[in-house]
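Enquirer: Okay, here's what each chain looks like letter by letter:
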Amino acid sequence: DAKTTQPPSMDCAEGRAANLPCNHSTISGNEYVYWYRQIHSQGPQYIIHGLKNNETNEMASLIITEDRKSSTLILPHATLRDTAVYYCIVRVEWGSQGNLIFGKGTKLSVKP
Amino acid sequence: EAQVTQNPRYLITVTGKKLTVTCSQNMNHEYMSWYRQDPGLGLRQIYYSMNVEVTDKGDVPEGYKVSRKEKRNFPLILESPSPNQTSLYFCASSSKLARNIQYFGAGTRLSVL
Chain P
1 DAKTTQPPSM
11 DCAEGRAANL
21 PCNHSTISGN
31 EYVYWYRQIH
41 SQGPQYIIHG
51 LKNNETNEMA
61 SLIITEDRKS
71 STLILPHATL
81 RDTAVYYCIV
91 RVEWGSQGNL
101 IFGKGTKLSV
111 KP
Chain B
1 EAQVTQNPRY
11 LITVTGKKLT
21 VTCSQNMNHE
31 YMSWYRQDPG
41 LGLRQIYYSM
51 NVEVTDKGDV
61 PEGYKVSRKE
71 KRNFPLILES
81 PSPNQTSLYF
91 CASSSKLARN
101 IQYFGAGTRL
111 SVL
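Top line first, the protein sequences correspond to chains P and B. Going by my numbering, the letters in the first sequence line up with residues 1 to 112, in that order. Going by my numbering, the letters in the second sequence line up with residues 1 to 113, in that order.
Possibly wrong hints are sitting among the right ones.
[What the hints assert, rightly or not] Chain P side only, calculated, beta carbon under 7 Å to chain B, not exhaustive:
| id | residue |
| --- | --- |
| 1 | Asn30 |
| 2 | Tyr34 |
| 3 | Arg91 |
| 4 | Phe102 |
[Said to hold, decoys possible] Mimicking DSBU-like on lysine-lysine, the simulated pairs with C-alpha atoms at most 30 Å apart in a straight line are:
| id | chain 1 | residue 1 | chain 2 | residue 2 |
| --- | --- | --- | --- | --- |
| 5 | B | Lys71 | B | Lys57 |
| 6 | P | Lys104 | B | Lys65 |
| 7 | B | Lys69 | P | Lys104 |
| 8 | B | Lys18 | B | Lys57 |
| 9 | B | Lys17 | B | Lys96 |
| 10 | B | Lys96 | B | Lys71 |
| 11 | B | Lys96 | P | Lys69 |
| 12 | B | Lys69 | B | Lys96 |
| 13 | B | Lys17 | P | Lys52 |
| 14 | B | Lys17 | B | Lys69 |
| 15 | P | Lys3 | B | Lys96 |
| 16 | B | Lys69 | P | Lys3 |
| 17 | P | Lys104 | B | Lys96 |
[As the list claims (entries may be wrong)] A few chain B positions that, by computed beta-carbon distances, are all more than 12 Å from chain P:
| id | residue |
| --- | --- |
| 18 | Val4 |
| 19 | Pro8 |
| 20 | Gln45 |
| 21 | Arg109 |
These are computed hints drawn from the structure, not numbers from a lab. Cβ atoms here follow ideal geometry from the backbone N, Cα and C, with glycine treated the same way.
Model the full assembly from the supplied sequences, consistent with the hints where possible.
Expert: Written out as structure tokens, the structure reads:
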């Protein structure tokens with residue numbers, strides 16, 4: 001699996017968009033970008049994933065650069081409940097062995 | 001409601017006293033997994049199962065056992081717990097068609113004295 005790099009922490013004002021970056025410069029052509037988050041001591045929660053096109057669901061949007069070397073998770077209107085650690089994971093979708101590698105992630109603090 | 005249920009949520013025990021943490025999922029998922037989470041070490045996989053009667057070691061299997069006799073259940077067994085197994089444990093499941101979209105339980109916080 002390609003290595004990912006995320007800032008250790010970020011702050012965001014409540015109601016504003018939270019933009020969480022992830023660098024994955026060694027990503028290969030068949031690897032997807034997955035995002036999870038973990039609210040304090042709860043189980044990680046899947047958010048979204050994508051290959052090369054931008055993706056949107058009810059939780060967030062995922063923007064992947066054209067060269068696929070980086071991506072941004074966007075929470076359009078952050079709330080206090082979005083305070084969590086966000087993990088960016090790069091992985092092949094099919095035939096992958098082993099486990100998801102969560103890394104250290106980005107601790108997002110949403111402030112009133 | 002789709003969910004992964006772990007029990008108990010909190011457990012305090014003593015060294016050497018066998019214990020089992022149960023995990024059950026209602027999504028008919030083939031893949032199930034156990035992780036432990038420790039400060040500064042992140043989530044580490046203990047064991048996983050690709051389907052009934054198929055289990056394999058993860059990154060930190062020492063001191064743990066698992067079984068997968070039914071598709072929905074994947075218990076984690078500590079035959080002789082030690083203080084270094086004090087941790088936060090998570091069970092997860094996913095379908096074989098979407099292995100990387102894992103659903104996690106709420107966690108079991110275990111303290112071994």
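Enquirer: Evaluate each hint against the coordinates.
Expert: Structure-based check of each hint:
no. : hint               : result
1   : Asn30              : violated, 13 Å
2   : Tyr34              : holds, 6 Å
3   : Arg91              : holds, 5 Å
4   : Phe102             : holds, 5 Å
5   : B/Lys71 / B/Lys57  : holds, 18 Å
6   : P/Lys104 / B/Lys65 : holds, 27 Å
7   : B/Lys69 / P/Lys104 : violated, 34 Å
8   : B/Lys18 / B/Lys57  : holds, 20 Å
9   : B/Lys17 / B/Lys96  : violated, 35 Å
10  : B/Lys96 / B/Lys71  : holds, 12 Å
11  : B/Lys96 / P/Lys69  : holds, 27 Å
12  : B/Lys69 / B/Lys96  : holds, 18 Å
13  : B/Lys17 / P/Lys52  : violated, 50 Å
14  : B/Lys17 / B/Lys69  : holds, 23 Å
15  : P/Lys3 / B/Lys96   : holds, 24 Å
16  : B/Lys69 / P/Lys3   : violated, 35 Å
17  : P/Lys104 / B/Lys96 : holds, 26 Å
18  : Val4               : violated, 8 Å
19  : Pro8               : holds, 15 Å
20  : Gln45              : violated, 4 Å
21  : Arg109             : violated, 8 Å
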